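A.B. asks: As a plain string of letters, each chain reads:
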Amino acid sequence: QKEVEQNSGPLSVPEGAIASLNCTYSDRVSQSFFWYRQYSGKSPELIMSIYSNGDKEDGRFTAQLNKASQYVSLLIRDSQPSDSATYLCAVETSYTGANSKLTFGKGITLSVRP
Amino acid sequence: KAGVTQTPRYLIKTRGQQVTLSCSPISGHRSVSWYQQTPGQGLQFLFEYFSETQRNKGNFPGRFSGRQFSNSRSEMNVSTLELGDSALYLCASSPPDRGTQYFGPGTRLLVL
Chain B
1 QKEVEQNSGP
11 LSVPEGAIAS
21 LNCTYSDRVS
31 QSFFWYRQYS
41 GKSPELIMSI
51 YSNGDKEDGR
61 FTAQLNKASQ
71 YVSLLIRDSQ
81 PSDSATYLCA
91 VETSYTGANS
101 KLTFGKGITL
111 SVRP
Chain G
1001 KAGVTQTPRY
1011 LIKTRGQQVT
1021 LSCSPISGHR
1031 SVSWYQQTPG
1041 QGLQFLFEYF
1051 SETQRNKGNF
1061 PGRFSGRQFS
1071 NSRSEMNVST
1081 LELGDSALYL
1091 CASSPPDRGT
1101 QYFGPGTRLL
1111 VL
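Taken in sequence, the protein lines are chains B and G.
Using this note's numbering, you'd call the opening residue of the first sequence number 1 and step up by one each time.
Using this note's numbering, you'd call the opening residue of the second sequence number 1001 and step up by one each time.
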């Protein structure tokens, strides 16, 4: 089983719509969850982090975490063409001592149609 | 603060050669991680260094190695290059409380 899975894409939504990006993870003890955005030809940049169950909102972005279901999602409201990018889900799992592991999903490409 | 810098930005090598990539983290960040990104495999973790010690390692062959210097700058080396090593190599640094990673612009390596 893949450690971090993102729903298959690409995803295309019209401008102004809500884009919903989903991610599941396999390690139940994972503690920290991140969403990165990567524009074509650029490096990933952090857009959201979430650590506890529930919703976290930041502008047009809302991250949702459900640890019981091992599921994290990102909602983008009022999608804009500038949101067109690949979105990477990342999960951090800490082990004994200072050792931790950050695992990325393969990403989902979002296209927002004007 | 200046961001993560990586050099060189582009490299073309031939099979069998070796290559060294460099990464300078954000000032104050002591953790540096390296990733390989390809269209088919996505972002794959290579290794992480903290205070000059390798703290974590991904599932890559021994041809991939790295090190970190006392100023937190890091290098990764790939020996005996193969065609499949063609990829974008990304370096990321983390603040002391870990979690968030800040990525550099990457080095795009093409192996012919």
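Treat the hints as calculated values from the structure; they're not laboratory data.
Quick caveat, the model's predicted, so the values are computed rather than measured.
Accuracy of the hints is not assured; some may be wrong.
[To be verified] Computed list of lysine-lysine pairs in BS3-like fashion (alpha-carbon distance at most 30 Å, straight line): (1) G:K1001 x B:K67; (2) B:K101 x B:K42; (3) B:K67 x G:K1013; (4) B:K56 x G:K1013; (5) B:K101 x B:K56.
A.B. asks: All the hints need checking, so say for each whether the structure fits it.
C.D. replies: Do the hints match the structure? See the list:
1. G:K1001 x B:K67: violated, 35 Å
2. B:K101 x B:K42: The hint holds at about 23 Å.
3. B:K67 x G:K1013: Violated, because 45 Å separates the two Cα atoms, which is more than 30 Å.
4. B:K56 x G:K1013: violated, 45 Å
5. B:K101 x B:K56: holds, 23 Å
Checked against the numbered hints above, the structure breaks hints 1, 3, 4 and satisfies the rest.
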